[in-house]
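Note that the protein sequences, when read in sequence, are chains A and B. Going left to right, the first sequence walks through residues 1 to 165 as my numbering numbers them. Going left to right, the second sequence walks through residues 166 to 239 as my numbering numbers them.
Incorrect hints may have been included.
Claimed, not checked - Pairs of lysine-lysine residues, derived as DSS-like cross-links and limited to a Cα-Cα distance of at most 30 Å, are as follows:
#1 A/Lys74 x B/Lys208
#2 A/Lys100 x A/Lys73
#3 B/Lys208 x A/Lys96
Stated by the list, open to error - To spell it out: a stretch of chain B is covered by chain A in this simulated footprint if at least three of its residues, at any positions, have a beta carbon under 8 Å from a beta carbon of chain A; those stretches are:
#4 168-181
#5 201-208
#6 224-237
By construction, these hints were calculated from the structure, which means they are not laboratory data. Keep in mind it's a predicted model, so treat the numbers as computed, not measured. Just so you know, even glycine gets a beta-carbon here, dropped at the ideal spot from N, CA and C.
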Amino acid sequence: MADADTTARAGSDDRATAVGAERTPGRPEKITVIVHSGDFDKMYSAFIIGNGALAMGMEASLYFTFWGLSRLKKGKLDSGPLSKMHMLGLGKAMIKGRMKKRNVRALQDMARDFKELGGKIFACDMTMDIMGVTAEQLEQDLIEEYCAVGTYIKEARESTVTLFI
Amino acid sequence: MAQIHVDCRGENCPVPLVETRKALRKAQPGDVVEVVGTHPSSKKEIPMAVEALGLSLLGVEENENGEWIIRIER
Numbered sequence: 001m002a003d004a005d006t007t008a009r010a011g012s013d014d015r016a017t018a019v020g021a022e023r024t025p026g027r028p029e030k031i032t033v034i035v036h037s038g039d040f041d042k043m044y045s046a047f048i049i050g051n052g053a054l055a056m057g058m059e060a061s062l063y064f065t066f067w068g069l070s071r072l073k074k075g076k077l078d079s080g081p082l083s084k085m086h087m088l089g090l091g092k093a094m095i096k097g098r099m100k101k102r103n104v105r106a107l108q109d110m111a112r113d114f115k116e117l118g119g120k121i122f123a124c125d126m127t128m129d130i131m132g133v134t135a136e137q138l139e140q141d142l143i144e145e146y147c148a149v150g151t152y153i154k155e156a157r158e159s160t161v162t163l164f165i
Numbered sequence: 166m167a168q169i170h171v172d173c174r175g176e177n178c179p180v181p182l183v184e185t186r187k188a189l190r191k192a193q194p195g196d197v198v199e200v201v202g203t204h205p206s207s208k209k210e211i212p213m214a215v216e217a218l219g220l221s222l223l224g225v226e227e228n229e230n231g232e233w234i235i236r237i238e239r
């Protein structure tokens with residue numbers, strides 16, 4: 001009598017093992033962040049977390065896809081709306097004012113810091129295709145590689161921390 | 166053995182961590198990096214980063230202006 005249990009177990013053998021992070025011994029821990037959102041506040045989260053990880057000695061990769069990818073266009077990194085309370089731009093202006101008062105570093109500068117500390121920025125080529133964005137339109141000196149989901153999965157498997165922003 | 170001074174007074178998250186890391190990357194083994202700042206959380210978090218990086222924390226002090234001074238040996 002073929003039991004459903006055996007069939008289920010047999011099927012699970014040919015999936016890739018994904019137990020724990022497959023890391024090369026001796027290499028630092030890695031964080032991988034998908035930046036799907038293009039919102040102003042979420043972009044800050046992505047870079048603060050990315051830079052924080054690098055400062056703590058980790059490797060960090062940021063994958064820009066969909067709305068996040070649009071923000072990689074030249075000069076557009078901080079052009080997104082607030083994710084809430086944007087209020088037709090009033091909310092964003094208020095937050096920017098407060099950030100200026102507290103001397104919060106600009107997104108463009110955080111992106112340069114990220115690169116300087118060895119962080120990697122990846123641009124999703126599928127998004128570029130769908131949205132008709134060419135490499136020339138993007139901040140090319142920030143971008144490590146143009147890639148697809150396979151690269152993300154490979155790096156995510158090696159990461160101890162993965163986030164979706 | 167060089168002394169590297171990092172002034173991040175008035176800087177907000179994550180700049181003190183970032184500037185400390187930049188200085189540590191430039192430092193040679195045996196150099197001392199001295200970071201002075203005002204951001205309260207960074208006073209706790211820079212020592213955390215030093216530990217995570219496997220380096221030596223030489224000291225954490227506060228001066229009369231309420232600024233913290235953290236000394237790290239590469």
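Results of checking the hints against the structure:
Restraint check for lysine 74 of chain A and lysine 208 of chain B: not satisfied, since their Cα atoms lie roughly 36 Å apart, outside the 30 Å limit. A hinted pair counts as satisfied when its Cα atoms are at most 30 Å apart, and lysine 100 of chain A with lysine 73 of chain A qualifies at roughly 23 Å. Pair hint lysine 208 of chain B plus lysine 96 of chain A holds up; C-alpha atoms about 25 Å apart against a cutoff of 30 Å. Counting residues of the segment 168-181 of chain B whose C-beta lies closer than 8 Å to any C-beta of chain A gives 6; at least three are required, and the coverage claim holds.
For the segment 201-208 of chain B, the proposed coverage by chain A is not satisfied: 0 residues have a C-beta within less than 8 Å of a C-beta in that chain, short of the threshold of three. Counting residues of the segment 224-237 of chain B whose CB falls under 8 Å from any CB of chain A gives 0; the rule of at least 3 is not met.
Taken one by one, the earlier hints fail for this structure at numbers 1, 5, 6, listed in ascending order.
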